[in-house]
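**Student:** Given the coordinates of chain A, work out where chain B should sit on it, guided by the hints.
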Amino acid sequence: MSIPKNSMLVSDVMISKDKVPTVQKETILKEALEEMGRTRLGIICIINDSKKLLGILTDGDIRRKLLKVQKPFPAFFVDDVIEHSICSPYTIMADDTLVYAVALMEQKQIWDLPVVDSAGILVGLLHLHPAVKVLLGNKDNVFG
Amino acid sequence: MVNKIIEVGYGKVNKVRIGDKLPLAFIGGPCAIESRDHAFMMAEAIGKICRKIGIDWIYKSCYDKDCRSAPDSFHGLGVDDGLRILADIRDEFGIPVVSDFSDPAWGPATGEVCDMVQVPAYLCRQTSILRAAAATNRPIHLKKGQFMSPWNMKNSVRKIEAAGNHQVLLADRGTFLGYNMLVNDFTCLPIMAKTGYPVCFDATHSIQLPTSMGNISGGQREFIPYLVRAAAACGINALFMETHNDPDNAMSDANTVLNIKHLENVLSQAKAAHEFRLEMLEKFGEDNVHPEK
Numbered sequence: 001m002s003i004p005k006n007s008m009l010v011s012d013v014m015i016s017k018d019k020v021p022t023v024q025k026e027t028i029l030k031e032a033l034e035e036m037g038r039t040r041l042g043i044i045c046i047i048n049d050s051k052k053l054l055g056i057l058t059d060g061d062i063r064r065k066l067l068k069v070q071k072p073f074p075a076f077f078v079d080d081v082i083e084h085s086i087c088s089p090y091t092i093m094a095d096d097t098l099v100y101a102v103a104l105m106e107q108k109q110i111w112d113l114p115v116v117d118s119a120g121i122l123v124g125l126l127h128l129h130p131a132v133k134v135l136l137g138n139k140d141n142v143f144g
Numbered sequence: 001m002v003n004k005i006i007e008v009g010y011g012k013v014n015k016v017r018i019g020d021k022l023p024l025a026f027i028g029g030p031c032a033i034e035s036r037d038h039a040f041m042m043a044e045a046i047g048k049i050c051r052k053i054g055i056d057w058i059y060k061s062c063y064d065k066d067c068r069s070a071p072d073s074f075h076g077l078g079v080d081d082g083l084r085i086l087a088d089i090r091d092e093f094g095i096p097v098v099s100d101f102s103d104p105a106w107g108p109a110t111g112e113v114c115d116m117v118q119v120p121a122y123l124c125r126q127t128s129i130l131r132a133a134a135a136t137n138r139p140i141h142l143k144k145g146q147f148m149s150p151w152n153m154k155n156s157v158r159k160i161e162a163a164g165n166h167q168v169l170l171a172d173r174g175t176f177l178g179y180n181m182l183v184n185d186f187t188c189l190p191i192m193a194k195t196g197y198p199v200c201f202d203a204t205h206s207i208q209l210p211t212s213m214g215n216i217s218g219g220q221r222e223f224i225p226y227l228v229r230a231a232a233a234c235g236i237n238a239l240f241m242e243t244h245n246d247p248d249n250a251m252s253d254a255n256t257v258l259n260i261k262h263l264e265n266v267l268s269q270a271k272a273a274h275e276f277r278l279e280m281l282e283k284f285g286e287d288n289v290h291p292e293k
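Chains as they are written, first to last, in this note's numbering: chain A, 1 to 144; chain B, 1 to 293.
If you are wondering where the hints come from, they were derived from the structure by calculation, not from laboratory data.
In silico negatives: residues of chain A with every beta carbon more than 12 Å from chain B:
| # | residue |
| --- | --- |
| 1 | Thr58 |
| 2 | Thr91 |
| 3 | Asp96 |
Negatives, chain B to chain A, calculated, CB over 12 Å:
| # | residue |
| --- | --- |
| 4 | His38 |
| 5 | Tyr179 |
| 6 | Thr211 |
| 7 | Gly218 |
| 8 | His262 |
| 9 | Phe284 |
Okay, derived cross-link-like pairs now, BS3-like style, lysine-lysine, Cα gap no bigger than 25 Å in a straight line:
| # | chain 1 | residue 1 | chain 2 | residue 2 |
| --- | --- | --- | --- | --- |
| 10 | B | Lys159 | A | Lys71 |
| 11 | B | Lys194 | A | Lys30 |
| 12 | A | Lys25 | B | Lys4 |
| 13 | B | Lys261 | B | Lys271 |
| 14 | B | Lys159 | A | Lys25 |
| 15 | A | Lys65 | B | Lys194 |
| 16 | B | Lys159 | A | Lys30 |
Yeah, the Cβ is synthetic: ideal placement off N, Cα and C, and Gly gets one too.
This is chain A alone, in the form it adopts within the complex (with noise of 0.2 Å):
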């Protein structure tokens, strides 16, 4: 795929670590989805201790796991959230720029990218509708 250059990075657009919603591995599936319903971003990041990016979980794992998962709610609502995890998602550099995560966003038909340190820390996360937004130009008005 061919790359277009662009000025704009991720991390000027990106959410900032400290609002990114997280949990740990083992928190259970049903505060996992409490925690997503807090931020209405449509996604958690599980992370370990040092805040390494262990896997997401966004509102489409949940929806294809409704359809999958042959077990009583109840039993689904206390798993550890990282069973149900995507443990090896597409993930982004704060340093990338906007127009590369927007395109692989559209490229994959994600919403969303975690974004990581060289080590795999978890620093951020890019949400499609502020990029696309900023990638617009602010304009708040395109409908006329």
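**Tutor:** Just chain B now, kept in the frame of chain A:
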């Protein structure tokens, strides 16, 4: 998931390690401490059988039976007298001992004497009891309540872990099927094992018919060997059975305790089934039927 191993026994008693692919451990004794002489006689007799079979064991007997149905049922010798007898059994026979406790206030004394503390099934989700058990710093034998789903036992485990204790043995003792009836759902065992902690099967309480006799519980002892074989084949780390030299006159759980004359036979079968299961896993590979991720 890491399969945790717990070690039961402090001081000079035999240390019993439970978990993963270790040999099957036995937890057993008379339901209640009836008297010093009886407790010692039972420890001697059970110990002889366990040595003959070659199985590590933990002596179990309770000093207070707080869940009796009738107001005049035998309640136990009480904390002080009961624990003194258990302490003496430890010293005399060099074996670890376990008793349950039903009041958080009894936790410290129970943990001071016992190598393992037991949380009664009826109280398995009571935070105060779980915290008290955790505070003993002894391994905890946590029985799944007859009203609990196996996956929800994780909540009780989390309470224990939150209180700083990471030595748990989870037991199945049957699940209510309507009133006065228990059934065993053996999927309980692998589900509880998913916590990473070892699991135990309580055979003698599983055949109980709770309060089926109006003001006491009945039981169908004849099914004990069947359930033991099934549980050992399914996969357990420890087997729990209450046993008595004269079940009809036992002062607690008379309708469920196994007559000691059958103990050698049933325990031998359990040990053999456990060993065969481990051999099968070695030969054919670990259970490999897992849900698609």
